[in-house]
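Peer 1: Chain by chain, the residues run as shown.
Protein chains: 2
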Amino acid sequence: MQFKPIQDFYPDELSYCYGCGRLNEHGHQIKSYWDGEETIAHFTPKEYHIAIPGYVYGGLIASLIDCHGTGTAALASYKNENREPGSLPAFRFVTASLHVDYLKPTPIGVELELRGKVIELKNRKVTSEITVYANGIITAKGKVVAVQMPENFIKKEK
Amino acid sequence: MQFKPIQDFYPDELSYCYGCGRLNEHGHQIKSYWDGEETIAHFTPKEYHIAIPGYVYGGLIASLIDCHGTGTAALASYKNENREPGSLPAFRFVTASLHVDYLKPTPIGVELELRGKVIELKNRKVTSEITVYANGIITAKGKVVAVQMPENFIKKEK
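Residue numbers (the numbering used here), protein chains in the order written: chain A, 1 to 158; chain X, 1 to 158.
If you are wondering where the hints come from, they were derived from the structure by calculation, not from laboratory data. Please note that the accuracy of each hint is not assured.
Identical copies go unnamed one by one, so any copy, or any two together, can satisfy a pair.
[As the list claims (entries may be wrong)] Listed below are the simulated BS3-like cross-link pairs for lysine-lysine, each with C-alpha atoms no more than 27 Å apart in a straight line: (1) K117 / K104; (2) K4 / K104; (3) K4 / K79; (4) K4 / K143; (5) K46 / K125; (6) K122 / K46; (7) K104 / K122; (8) K79 / K46; (9) K31 / K46; (10) K125 / K104; (11) K31 / K79.
These figures come from a predicted structure and were not determined experimentally.
Using the sequences provided together with the hints, build the complete structure.
Peer 2: So, in structure tokens, the structure goes:
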């Protein structure tokens, strides 16, 4: 596993995402790495991230899939160009579409594992499949279509 | 518009959802109502619910669509049985699948409006389409397949 997660290579001004920005102190700060040919991230939901007592809130699962999907897109794009993460120009993706199938209830109180596979990388678009595991059991599967962020998308802080 | 949102009729033990439970003090507490033939909910993201500065985090949008979808499913099920919301047995849905298309960046700092339409209500399953508006402009569209919660799904608190 690579030592530093892809999110730690995002430029500062693109590191405030509630799901994965290292500079968003209120957010989830998820971290995505390569693990062989797959990408991996871990997250332990807070006790209040529930849908009903005992089970994780589906909206949080969607959020984790979303951010691990855009992280996977960035990881795959550097790899595709045979470049080190963090080398310039930086890759940063936004989500065009997100699909989640909730297969089983996800128990609260355990660390979740997200594993990503790149399905397609074409032009400025990366499609990935993200699988969510709790206690080694698949509880949700997602598909994320991520597109490279347009240059003019960034509102500079005044 | 109906005076009381569907989430305020959920039984107490099913009212801890991070997205829409009235008893989850950490959560979003979204509220879904009928508005004519559609359902409606409003939510103003916090300043830290961003993807990048200026724009709402897609994971939050997915969460709102998710909960307004399950709320819409409950509203539609009472209506289908010609029953008042809150009459017994209570309807409470979980999400089987969620799809979101992010059409435009959603600006932060404004109240979002979610409007729901029921596409299909069959057996214990309700499919709805949810549209997200910011400043009157559609920024995201979602589809939620919600299924009635199995009776044995509820872990009673000890």
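Peer 1: Let me make sure I understand: some of the numbered hints might not hold for this structure. Which ones are they, in numerical order?
Peer 2: 2, 5, 6, 8
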